[in-house]
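S.K.: One line per chain: the protein sequences are R and U, in this order.
For the first sequence, the positions run 27 to 253 when the numbering used here is used.
For the second sequence, the positions run 2 to 225 when the numbering used here is used.
Heads up, some of the hints might be wrong.
Said to hold, decoys possible - Per the computed footprint, the stretches of chain R lying under chain U, defined by three or more beta-carbons under 8 Å from a beta-carbon of chain U, are:
hint: 1; region: 127 to 139
hint: 2; region: 163 to 169
What the hints assert, rightly or not - Here are a few chain U residues that sit away from chain R, every Cβ distance over 12 Å (derived from the structure):
hint: 3; residue: Trp-18
hint: 4; residue: Glu-75
hint: 5; residue: Val-134
hint: 6; residue: Leu-135
Claimed, not checked - What follows is a list of derived Cβ distance ranges for each label pair:
hint: 7; chain 1: R; residue 1: His-223; chain 2: U; residue 2: Leu-16; range: 46 to 52 Å
hint: 8; chain 1: R; residue 1: Leu-231; chain 2: U; residue 2: Arg-159; range: 27 to 33 Å
hint: 9; chain 1: U; residue 1: His-39; chain 2: R; residue 2: Ala-197; range: 41 to 47 Å
hint: 10; chain 1: R; residue 1: Leu-231; chain 2: U; residue 2: Ala-8; range: 52 to 58 Å
hint: 11; chain 1: R; residue 1: Thr-225; chain 2: U; residue 2: Val-36; range: 50 to 56 Å
hint: 12; chain 1: U; residue 1: Ala-205; chain 2: R; residue 2: Arg-80; range: 34 to 40 Å
hint: 13; chain 1: R; residue 1: Val-104; chain 2: U; residue 2: Leu-130; range: 45 to 51 Å
hint: 14; chain 1: R; residue 1: Arg-111; chain 2: U; residue 2: Leu-14; range: 49 to 55 Å
hint: 15; chain 1: R; residue 1: Trp-117; chain 2: U; residue 2: Leu-51; range: 22 to 28 Å
hint: 16; chain 1: R; residue 1: Arg-78; chain 2: U; residue 2: Leu-14; range: 31 to 37 Å
hint: 17; chain 1: U; residue 1: Arg-21; chain 2: R; residue 2: Ala-236; range: 32 to 38 Å
hint: 18; chain 1: R; residue 1: Val-104; chain 2: U; residue 2: Glu-22; range: 27 to 33 Å
hint: 19; chain 1: U; residue 1: Leu-135; chain 2: R; residue 2: Leu-209; range: 33 to 39 Å
hint: 20; chain 1: R; residue 1: Thr-79; chain 2: U; residue 2: Val-36; range: 49 to 55 Å
What the hints contain is simulated information worked out from the structure, not anything from laboratory work.
Quantities reported herein were computed from a predicted structural model and do not represent experimental measurements.
Yeah, the Cβ is synthetic: ideal placement off N, Cα and C, and Gly gets one too.
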Amino acid sequence: MLTGAFALVFFYAPLDADQGFVQKIFYVHVPMAIVALCGFVAGGVFAVMHLRTRESKWDMRSYVTIHISVILAVGVLVTGSIWARASWGHWWIWDEPMLVSFLIVFLLYATYWPLRFSIEDKEKQSRYASVFAVVAGAFVPLNFTAVKMAQSFVHPETLATTTGGLPPKMALTFVVALAGMTLLFVTLIKYEMASKHATFRLRALRRRLAGDDDELGFAGRSAAPQL
Amino acid sequence: MRTTVAALLSKELTLEWRTRESVPAMVLFSIATYVVFHFGLDRDRIAGDLASGVLWVTLLFAAILGVNRLFVAEYEQGGFDGFLLAPVDRTALLVAKAVALFLFLCLVELVAVPAFALLLLGPPLTQALPQLVLVLVLANAGIAVVGTLVAGLAIQTRARDLIVPLLALPLLVPVLLASARCATPLLQDGGAGPLPGDWLAVAAIYDLLFALIAYAVFDFLLED
Numbered sequence: 027m028l029t030g031a032f033a034l035v036f037f038y039a040p041l042d043a044d045q046g047f048v049q050k051i052f053y054v055h056v057p058m059a060i061v062a063l064c065g066f067v068a069g070g071v072f073a074v075m076h077l078r079t080r081e082s083k084w085d086m087r088s089y090v091t092i093h094i095s096v097i098l099a100v101g102v103l104v105t106g107s108i109w110a111r112a113s114w115g116h117w118w119i120w121d122e123p124m125l126v127s128f129l130i131v132f133l134l135y136a137t138y139w140p141l142r143f144s145i146e147d148k149e150k151q152s153r154y155a156s157v158f159a160v161v162a163g164a165f166v167p168l169n170f171t172a173v174k175m176a177q178s179f180v181h182p183e184t185l186a187t188t189t190g191g192l193p194p195k196m197a198l199t200f201v202v203a204l205a206g207m208t209l210l211f212v213t214l215i216k217y218e219m220a221s222k223h224a225t226f227r228l229r230a231l232r233r234r235l236a237g238d239d240d241e242l243g244f245a246g247r248s249a250a251p252q253l
Numbered sequence: 002m003r004t005t006v007a008a009l010l011s012k013e014l015t016l017e018w019r020t021r022e023s024v025p026a027m028v029l030f031s032i033a034t035y036v037v038f039h040f041g042l043d044r045d046r047i048a049g050d051l052a053s054g055v056l057w058v059t060l061l062f063a064a065i066l067g068v069n070r071l072f073v074a075e076y077e078q079g080g081f082d083g084f085l086l087a088p089v090d091r092t093a094l095l096v097a098k099a100v101a102l103f104l105f106l107c108l109v110e111l112v113a114v115p116a117f118a119l120l121l122l123g124p125p126l127t128q129a130l131p132q133l134v135l136v137l138v139l140a141n142a143g144i145a146v147v148g149t150l151v152a153g154l155a156i157q158t159r160a161r162d163l164i165v166p167l168l169a170l171p172l173l174v175p176v177l178l179a180s181a182r183c184a185t186p187l188l189q190d191g192g193a194g195p196l197p198g199d200w201l202a203v204a205a206i207y208d209l210l211f212a213l214i215a216y217a218v219f220d221f222l223l224e225d
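The task is simple: from the sequences and hints, build the whole structure.
M.R.: Here it is as structure tokens:
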């Protein structure tokens, strides 16, 4: 799907009149940003489920979702600055609400790992991480509104452009790219979850093979939730 | 609920009065920061948006010192267990701590803002004092709510001093933004401008929303 989207990006979508070829980074950057933000909010929703049900699978989902979203967020910041350099001539523009609020959100979520690592007790760790995820998930839309109010509107408004501003060919490519990015996100989450499950299963089997009675065993340096 | 909050709050204030730990440190820190800003910017007098920025960054960092200390006594002396054993609503602790932090911040500003006017501010402060007080109160409310939440989150971690600023600074960016924008016209050279109403509204709404979030999640921070 993503390959198809990229094919469309390169061969189908018309070149932008002002920005030329560089404008095509739009089809990577914007879907990535949207997916990452939705991922942060989804992580918050999973965390709410964890706090309500106390099942560690929700904590695991929240953890993995935030993990992948942060990785995407790095991609967003990098592609965003490349695009900014190409179209506005600077790597970083403070006047631009999207970049700035994205940076703030990214900085906030970067604290998720230090927070997890520095709490020893597993049960407490997942509870505190969930509280953090809820607060941060609610903070994402708030922050965007506040920062957006503060600055002039240099940034192309994504929602406005998909409904009205984009020519149909571009809009189609954009929608395909968005769907592709969403699928990529979901697949990555699935893989990550599967890998975590496999790791735990392996560890449990190893312990049994070694005849180790110690339930906790050697967990390694990991702050991931335990199942 | 009200009596619990009152009891907790009076305990908090008595503790601060007897130990004099947070507030004097915050005051000294803010004055030291003014000195640092004076040399860093190499300016004797500042006004307008620069003054507003310096004032708010200083107050924000001073507040983080207070946030860091907020739950330390409970954590080290077993106050959490005592509180959990008492048959009271857990939200009372959130309310009491937030109000205490709010009062501490007000005390700090009672010294820090006049000191700012004396040391760095170009235009006289008296012209816009009532409006500035309003902005300060709104900002303090936001810092108090977010700070209590962050302090509760970070108290159980090993690297508390590290986690608190990392969490609190991004969460407080909207507060800083709104208050700095509000204060800019108040500190201008040649007479204070009108207060921007939309930014006041942003600060108030942010305070309200975060109070609701904190109310919703704070119970989970106190379970053992």
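S.K.: Hints first: check each against the structure and report whether it holds.
M.R.: Right, here's what the structure says about each hint:
no.	hint	verdict
1	127 to 139	holds (count 6)
2	163 to 169	holds (count 4)
3	Trp-18	holds, 31 Å
4	Glu-75	holds, 15 Å
5	Val-134	holds, 22 Å
6	Leu-135	holds, 19 Å
7	His-223(R) <-> Leu-16(U): 46 to 52 Å	holds, 48 Å
8	Leu-231(R) <-> Arg-159(U): 27 to 33 Å	holds, 31 Å
9	His-39(U) <-> Ala-197(R): 41 to 47 Å	violated, 54 Å
10	Leu-231(R) <-> Ala-8(U): 52 to 58 Å	holds, 54 Å
11	Thr-225(R) <-> Val-36(U): 50 to 56 Å	holds, 53 Å
12	Ala-205(U) <-> Arg-80(R): 34 to 40 Å	holds, 35 Å
13	Val-104(R) <-> Leu-130(U): 45 to 51 Å	holds, 47 Å
14	Arg-111(R) <-> Leu-14(U): 49 to 55 Å	holds, 54 Å
15	Trp-117(R) <-> Leu-51(U): 22 to 28 Å	holds, 25 Å
16	Arg-78(R) <-> Leu-14(U): 31 to 37 Å	holds, 36 Å
17	Arg-21(U) <-> Ala-236(R): 32 to 38 Å	violated, 56 Å
18	Val-104(R) <-> Glu-22(U): 27 to 33 Å	violated, 44 Å
19	Leu-135(U) <-> Leu-209(R): 33 to 39 Å	violated, 50 Å
20	Thr-79(R) <-> Val-36(U): 49 to 55 Å	holds, 53 Å
Violated hints, in rising order: 9, 17, 18 and 19; the structure is consistent with all others.
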